[in-house]
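Just so you know, the protein sequences line up as chains C and A, in that order. Heads up, the first sequence is in numbering that gives the first Met the number 0, so the first residue is 0 and it goes up one at a time. Heads up, the second sequence is in numbering that gives the first Met the number 0, so the first residue is 0 and it goes up one at a time.
Just so you know, these hints were derived from the structure itself, not from any lab. Just so it is clear, CB atoms sit at the ideal spot from N, CA and C, and this is done for glycine as well. Worth double-checking, as some hints may not be accurate.
Covered stretches of chain C (chain A as the covering partner; in silico rule of three or more C-beta atoms under 8 angstroms from a C-beta of chain A) [stated by the list, open to error]:
1. 17-30
2. 247-255
3. 286-294
There are 2 protein chains.
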Amino acid sequence: MGQTPYLRVDVAAMEANIAAMARQAASASLALRPHAKTHKSPQIAARQLAAGAVGLTVATIGEAEVFAEVCNDLFIAYPLWVDAEDGNRLRRLADRGVKLQVGCDSFAAGSNLVGLPVEVLVEVDSGHHRTGVRPDQAGALAAELVGIGLSVAGVFTFPGHSYSPTSAGQAAADEAAALAMAADSFRPTRLTCNRLSGGSTPSAGFTTGGVLTELRPGVYVFGDAQQIELGTIGFDQVALTVISRVVSHAGGRVVCDAGSKALGADRAGWATGYGRVLDAPDARIVALSEHHATIEWPGRLPHLGSTIAIIPNHACNTVNLADEYTLSTGGTWPVAARGRNH
Amino acid sequence: MGQTPYLRVDVAAMEANIAAMARQAASASLALRPHAKTHKSPQIAARQLAAGAVGLTVATIGEAEVFAEVCNDLFIAYPLWVDAEDGNRLRRLADRGVKLQVGCDSFAAGSNLVGLPVEVLVEVDSGHHRTGVRPDQAGALAAELVGIGLSVAGVFTFPGHSYSPTSAGQAAADEAAALAMAADSFRPTRLTCNRLSGGSTPSAGFTTGGVLTELRPGVYVFGDAQQIELGTIGFDQVALTVISRVVSHAGGRVVCDAGSKALGADRAGWATGYGRVLDAPDARIVALSEHHATIEWPGRLPHLGSTIAIIPNHACNTVNLADEYTLSTGGTWPVAARGRNH
Numbered sequence: 000m001g002q003t004p005y006l007r008v009d010v011a012a013m014e015a016n017i018a019a020m021a022r023q024a025a026s027a028s029l030a031l032r033p034h035a036k037t038h039k040s041p042q043i044a045a046r047q048l049a050a051g052a053v054g055l056t057v058a059t060i061g062e063a064e065v066f067a068e069v070c071n072d073l074f075i076a077y078p079l080w081v082d083a084e085d086g087n088r089l090r091r092l093a094d095r096g097v098k099l100q101v102g103c104d105s106f107a108a109g110s111n112l113v114g115l116p117v118e119v120l121v122e123v124d125s126g127h128h129r130t131g132v133r134p135d136q137a138g139a140l141a142a143e144l145v146g147i148g149l150s151v152a153g154v155f156t157f158p159g160h161s162y163s164p165t166s167a168g169q170a171a172a173d174e175a176a177a178l179a180m181a182a183d184s185f186r187p188t189r190l191t192c193n194r195l196s197g198g199s200t201p202s203a204g205f206t207t208g209g210v211l212t213e214l215r216p217g218v219y220v221f222g223d224a225q226q227i228e229l230g231t232i233g234f235d236q237v238a239l240t241v242i243s244r245v246v247s248h249a250g251g252r253v254v255c256d257a258g259s260k261a262l263g264a265d266r267a268g269w270a271t272g273y274g275r276v277l278d279a280p281d282a283r284i285v286a287l288s289e290h291h292a293t294i295e296w297p298g299r300l301p302h303l304g305s306t307i308a309i310i311p312n313h314a315c316n317t318v319n320l321a322d323e324y325t326l327s328t329g330g331t332w333p334v335a336a337r338g339r340n341h
Numbered sequence: 000m001g002q003t004p005y006l007r008v009d010v011a012a013m014e015a016n017i018a019a020m021a022r023q024a025a026s027a028s029l030a031l032r033p034h035a036k037t038h039k040s041p042q043i044a045a046r047q048l049a050a051g052a053v054g055l056t057v058a059t060i061g062e063a064e065v066f067a068e069v070c071n072d073l074f075i076a077y078p079l080w081v082d083a084e085d086g087n088r089l090r091r092l093a094d095r096g097v098k099l100q101v102g103c104d105s106f107a108a109g110s111n112l113v114g115l116p117v118e119v120l121v122e123v124d125s126g127h128h129r130t131g132v133r134p135d136q137a138g139a140l141a142a143e144l145v146g147i148g149l150s151v152a153g154v155f156t157f158p159g160h161s162y163s164p165t166s167a168g169q170a171a172a173d174e175a176a177a178l179a180m181a182a183d184s185f186r187p188t189r190l191t192c193n194r195l196s197g198g199s200t201p202s203a204g205f206t207t208g209g210v211l212t213e214l215r216p217g218v219y220v221f222g223d224a225q226q227i228e229l230g231t232i233g234f235d236q237v238a239l240t241v242i243s244r245v246v247s248h249a250g251g252r253v254v255c256d257a258g259s260k261a262l263g264a265d266r267a268g269w270a271t272g273y274g275r276v277l278d279a280p281d282a283r284i285v286a287l288s289e290h291h292a293t294i295e296w297p298g299r300l301p302h303l304g305s306t307i308a309i310i311p312n313h314a315c316n317t318v319n320l321a322d323e324y325t326l327s328t329g330g331t332w333p334v335a336a337r338g339r340n341h
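Could you put together the complete structure from these sequences and hints?
Following this line, the structure appears as structure tokens:
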């Protein structure tokens, strides 16, 4: 009996998720480059690569340093602002034989990349309204970057507005339209744009071939309560839970010891609570403190001292709170890239 | 220039906060037992103790093990469900000379404590509706626990419903009423109830002497955006920020590199955003991804590549994401109890 709360991976469910996404990408003739920020685990990345992934996506140089252990083709899908120390870190990665690509959405950030062993992908805003240039301006930025000596491999976007009920199909359509427009905007520059990279777990199932060349989903490897409530997956596809102990029945509710310091505090406006309970789909986590989840539980309450499996809302943030995974097959894996925020 | 995002402590502001709460508790004749889950730092705890704290509050046995370094009077303010391994950990703490108290809100959980070197405080629900027995039932549970050989020192509550605008005064009144009723409920049992422990940062300023004997605030040591928006503190009292780099001006907004993996994803329903910006009170963090904060920024935007100081919504969860503090006075302190969830 482990010391609760702890992260549990259902290895069979995870391997099924890895295989299913690999099949889906292959059937749409898309290269699959999973985002490793979700799992932060070289062991899991190795399984994604063995299933046919062409490389990995990461968010930071620190994640790239961890995943260089198992992969020599890494895309840092982030508009990096690189200083001298960062430049040295990127050079050391290249010296290890890693092919590096980085995101860019401004000439100023691109200027810092001159002379470094990286290729650039121009980031495009496809409707999430976070980072990225307007699709029709991608070619102009690419030309400016090439003008200062950079190599531009193509364009990428994150259709994050897929994270809302019933919007995944539209987000996938927006993503394809934005990337197509971005590629078109390269024509007057006479540059080629061979890489059109997108993808999120909710929208991946709506992405057909023809425009995109590459998918970068992350969460699919585990699934989480957000994906259940978005309709992307069912409870039977969940591969990551937080095993938690029931510590109180105060007020006729279940209170267990997985709070925001184990689950993360993510709660989208459309979520029904702070996570879901694996074996009690009708239970609702109505409140979350740092070490308490308060659960309205229809019917007979699980005993004080018993354990329950909680599906976190957002797997990526949950994983970043833990030092290791406990495997359904026995043993543990480290969360090797936990806290690698730079 | 540090590698962003990183946690910065303004040591002078922190020391002023420590001194102010010590004065406030003393003026109300209350013992101060700060909750160390906020800072997870023995160095900071040592300063609280030097300023007159009678001991520390912690949430887990793991935190108790860390803070036993600097304090020999620890209250684990949580309804622990203790197994054999936990019992051995508690024994080892007692062997180090630590006086231990633990929370309890059920006979079943109390039964696990028999024979262990701990005193018990009965937890009471004063309106937060998380854990704790009804105030009028505290004495009955205390009598049952004493009946199986436990030592009961008193009662405690957490008035967590103070975390809502304009409710802190009422929460403090509810807390005092609940603890008074709980102490009264000891009378028929002929047990004494000398310890009446409460406190939260928002309600602490409303707590007068007369009923409570002890305060257990945590967040006050740093302050955070929630405390600003609740009206507990001003911007000038904030001692903890996340230093973050501006990486994009996409869409005319500021996007910086402190996302939910650095700030935490906490956002109460009444919060104006995912944190505040220290030097730009009118800016609003309208969206948060794992490595991006999207900020609507009135007026001239800070330059790409410049750093800004973000005040997290909830200091406790922010701290739990970091391995160290960078001090305004130079040097670092470890977040020694990070991840100590059990």
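Status of each hint after checking the structure:
Under the rule that three or more residues need a Cβ within less than 8 angstroms of chain A, the assignment of the segment 17-30 of chain C is violated, with 0 such residues. Coverage of the segment 247-255 of chain C by chain A holds in this model, with 5 residues showing a Cβ closer than 8 angstroms to a Cβ of that chain against a need of three. By the rule of at least three residues with a Cβ nearer than 8 angstroms to a Cβ of chain A, the coverage given for the segment 286-294 of chain C holds, with 6 such residues.
In terms of the numbered hints stated before, the structure departs from hint 1 and from no other.
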